[in-house]
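Asks: Going down the list, the protein sequences come from chains A and C.
full-length UniProt numbering numbers the first residue of the first sequence as 1 and each following residue consecutively.
full-length UniProt numbering numbers the first residue of the second sequence as 1 and each following residue consecutively.
Don't read these hints as lab results, they were simulated from the structure.
A quick note: this is a predicted structure, and the numbers were derived from the prediction, not measured.
Hints should not be assumed to be uniformly reliable.
[Unchecked claim] With a cut-off of at most 27 Å between alpha-carbon atoms, the simulated DSSO-like pairs for lysine-lysine come out as follows:
no., chain 1, residue 1, chain 2, residue 2
1, C, K363, C, K340
2, C, K307, A, K43
3, C, K363, A, K324
4, A, K59, C, K309
5, C, K309, A, K324
6, A, K36, C, K224
7, C, K363, A, K59
8, A, K36, A, K100
9, A, K106, A, K10
10, C, K302, A, K59
11, A, K107, A, K31
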Amino acid sequence: MGRKKKKQMKPWCWYCNRDFDDEKILIQHQKAKHFKCHICHKKLYTGPGLAIHCMQVHKETIDGVPNAIPGRTDIELEIYGMEGIPEKDMEERRRVLEQKTQENQKKRQNQDDSDEDDEDEEAGPSFQQPASTVPPQPAYAPMTQPGMAPVPAPGMPHGSYSGMPPMMPGVPPMMPGMPPVMPGMHPGMMPMSGMMPPTHGMPPMMPGMPPGIPPPMGHHPGLPHMAQALPTTTRPAMPATTVSTPQPSVSKPLFPSAGQVQQAGSGVAVSASAPPSAAPKPTFPAYNQSSTAAAANPSSTVAKPGTPVTSKPATLTTTSATSKLIHPDEDISLEELRAQLPRYQCKSPSAGQAHISSPPVAAMGGVLPPQQGIPAQQPGVRHPMQGPYGAPPQAVPGYVPGGMPPYGQAPPMVPPYQAAPPRPAIGMRPPVMSPGGRY
Amino acid sequence: MSLFGTNTGFGSAGTGVFGTATTDSHNPMKDVEVTSPPDDSISCLAFSPPTMPGNFLVGGSWANDVRCWEVQDNGQTVPKAQQMHTGPVLDVCWSDDGSKVFTASCDKTAKMWDLNSNQTIQIAQHEGPIKTIHWIKAPNYSCIMTGSWDKTLKFWDTRSPNPMMSLQMPERCYCADVVYPMAVVATAERGLIVYQLENQPSEFRRIDSPLKHQHRCVAIFKDKQSKPTGFALGSIEGRVAIHYINPPNPAKDNFTFKCHRSNGTNTATPQDIYAVNAISFHPVHGTLATVGSDGRFSFWDKDARTKLKTSEQLDQPITACCFNNNGNIFAYASSYDWSKGHEYYNPQKKNYIFLRNAAEELKPRNKK
Numbered sequence: 001m002g003r004k005k006k007k008q009m010k011p012w013c014w015y016c017n018r019d020f021d022d023e024k025i026l027i028q029h030q031k032a033k034h035f036k037c038h039i040c041h042k043k044l045y046t047g048p049g050l051a052i053h054c055m056q057v058h059k060e061t062i063d064g065v066p067n068a069i070p071g072r073t074d075i076e077l078e079i080y081g082m083e084g085i086p087e088k089d090m091e092e093r094r095r096v097l098e099q100k101t102q103e104n105q106k107k108r109q110n111q112d113d114s115d116e117d118d119e120d121e122e123a124g125p126s127f128q129q130p131a132s133t134v135p136p137q138p139a140y141a142p143m144t145q146p147g148m149a150p151v152p153a154p155g156m157p158h159g160s161y162s163g164m165p166p167m168m169p170g171v172p173p174m175m176p177g178m179p180p181v182m183p184g185m186h187p188g189m190m191p192m193s194g195m196m197p198p199t200h201g202m203p204p205m206m207p208g209m210p211p212g213i214p215p216p217m218g219h220h221p222g223l224p225h226m227a228q229a230l231p232t233t234t235r236p237a238m239p240a241t242t243v244s245t246p247q248p249s250v251s252k253p254l255f256p257s258a259g260q261v262q263q264a265g266s267g268v269a270v271s272a273s274a275p276p277s278a279a280p281k282p283t284f285p286a287y288n289q290s291s292t293a294a295a296a297n298p299s300s301t302v303a304k305p306g307t308p309v310t311s312k313p314a315t316l317t318t319t320s321a322t323s324k325l326i327h328p329d330e331d332i333s334l335e336e337l338r339a340q341l342p343r344y345q346c347k348s349p350s351a352g353q354a355h356i357s358s359p360p361v362a363a364m365g366g367v368l369p370p371q372q373g374i375p376a377q378q379p380g381v382r383h384p385m386q387g388p389y390g391a392p393p394q395a396v397p398g399y400v401p402g403g404m405p406p407y408g409q410a411p412p413m414v415p416p417y418q419a420a421p422p423r424p425a426i427g428m429r430p431p432v433m434s435p436g437g438r439y
Numbered sequence: 001m002s003l004f005g006t007n008t009g010f011g012s013a014g015t016g017v018f019g020t021a022t023t024d025s026h027n028p029m030k031d032v033e034v035t036s037p038p039d040d041s042i043s044c045l046a047f048s049p050p051t052m053p054g055n056f057l058v059g060g061s062w063a064n065d066v067r068c069w070e071v072q073d074n075g076q077t078v079p080k081a082q083q084m085h086t087g088p089v090l091d092v093c094w095s096d097d098g099s100k101v102f103t104a105s106c107d108k109t110a111k112m113w114d115l116n117s118n119q120t121i122q123i124a125q126h127e128g129p130i131k132t133i134h135w136i137k138a139p140n141y142s143c144i145m146t147g148s149w150d151k152t153l154k155f156w157d158t159r160s161p162n163p164m165m166s167l168q169m170p171e172r173c174y175c176a177d178v179v180y181p182m183a184v185v186a187t188a189e190r191g192l193i194v195y196q197l198e199n200q201p202s203e204f205r206r207i208d209s210p211l212k213h214q215h216r217c218v219a220i221f222k223d224k225q226s227k228p229t230g231f232a233l234g235s236i237e238g239r240v241a242i243h244y245i246n247p248p249n250p251a252k253d254n255f256t257f258k259c260h261r262s263n264g265t266n267t268a269t270p271q272d273i274y275a276v277n278a279i280s281f282h283p284v285h286g287t288l289a290t291v292g293s294d295g296r297f298s299f300w301d302k303d304a305r306t307k308l309k310t311s312e313q314l315d316q317p318i319t320a321c322c323f324n325n326n327g328n329i330f331a332y333a334s335s336y337d338w339s340k341g342h343e344y345y346n347p348q349k350k351n352y353i354f355l356r357n358a359a360e361e362l363k364p365r366n367k368k
């Protein structure tokens, strides 16, 4: 009993005062009796964990730890096994235990045949196993693997973290002192699981990453111009100066979803090393190609490292058994993809055309110049705008803050197509068919 | 304040003419429909600044137009005016005094629209489509910042045809945000650059992306003292990164969260991951809204690291969103964003802009 180490007594449960031989058993007991969700029976790891689970998943609040004795029901105390037990409760326990042993001894003295009791007593304490670090580890082991995967998947343009050192130096920082500080992880995990609504199983992995990942954000010594960019005057909002602590090795922040893992890694890593300029050229496929590729199932080409063919691996890799990215294959933005279409090509060679020089095709109004009087913006004057074209787009009755004539009497903003048969290009909905006239 | 009278009344009734006869999935949240929406996908929305009375909303679209509506306190929207570019409009912003609206387009120009005279004048020229436009108001200068696919970031005094400054970027500009004295630009190939705008704009730091996929949208957030302190970055992979510029503990303070994904708990079917199309921060509460290709919007509290609300699914992706200056109105646009390629584009499909009362739903969750 409590001879040398402070915590060196038989493991006991703070919530219900029961004794156990082994901390492992104690933890199993806690998970089953105190940290088990009454709604779905999921076993959590701590009291706060259970509270958060019930809130997020079932939208229910719980007031206390289930099956706990009065006075020990605090749901906010983070206790795991023997860790986290408040000191005063530990002392109280020790006192109680001592009292009990004293009582026993007294009784024994009073009794004649007490030898057996003595033996039992002494045998007890010697069974204590620290073993406190053992149980937790397996629980977290699964976290490490997926965690490691992304590390070599840096895609860091600055070769300094080319994914080589990754694993080793990478891992410890990612799980900063995990085993010893397990309960400490939980606060880190739980709150963040709020952001991951979907799964139960996932949260432990995801949130595990961020705390441990010191993204080397912008701490690259290799970019001297940054330093120069900082004038000597102090800038309260951007107290850059000596940027913060230099980041340790770990490179890639990211936590992949279960599926992404390696493929994303290899793809990104390779493509990142290629000179960025190489990418744009091939990635503007002919218009048709993009359209077929888009709907087609992206899972085909998967990891084509290095070859910046038409599609960069980055978008493709996320198609896995568990997830699918709803995005066309090409790695260009949706707007760039869309802007390539003929119907969205600009009506006039706007290069250098300052001011509004009413391009012939510009706005709808352009079709019937005389009646409308004015093609686009120019006039902006009060313009009756009756024309067959309805009141369309023109900049209508001026803008006078504070109540105005509603947009142009007219009809709807939706220029009725009936008007004006000859309608080379409208800008609104150019009929895709007509070629040419648009440019 | 411009609180909406009745959400119920206007929601489904809307303009009356169109749509509610069929299924209601175009407006499952029963929010107010803005009248006379553009005829093609809406690319950007912006509310007027607090310096002018009332709420005016401008929205740019792929129909080459930018429209302005007045949003009245009872929820009525009145179309006010419209201007055209010769190519799709990709971004809009207001000047700080609310008298001008700036528009950026695929036609490689940016225009300044004087609302009082309803005249526009070109104020910028790039060699490629201009993707972002922001007004910068510094103590010693004011200008327009334009980010383009020609890989340059240019700053313009609206009175001169030549840029005051031109900064080279590593890649095409995909999205940007400005909260003086900080500007953030996210580019193709996952580039991320922070600029400081004091005295004159200059590159402050290049940041390694916290995300593994193409950057799509970015929004700066402020600290309790209203100073810009970090930004939220969204990618095409249903994920947003919250990143502080100089946090005390980067490993703990910076984080990412998943969003805009289809049912994740059901592991039998592969999860669909949608792009985050836009992020906006509530001007008062500091909580944020994200809208995605899945046709939903979500509200989040980044400090409590929890989700506040997710909407029902609209039948089209949500392409843009913004809050009005006092945070009472949340506007979001429902239109096709090209996330499924060319095949799913239906030019006949109506595009919508909805307005929602945001006063209550974006209150931060009390931290435990």
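Asks: Please list, smallest to largest, the hint numbers that this structure does not respect.
Replies: Numbers 1, 3, 6, 8, 11, in rising order.
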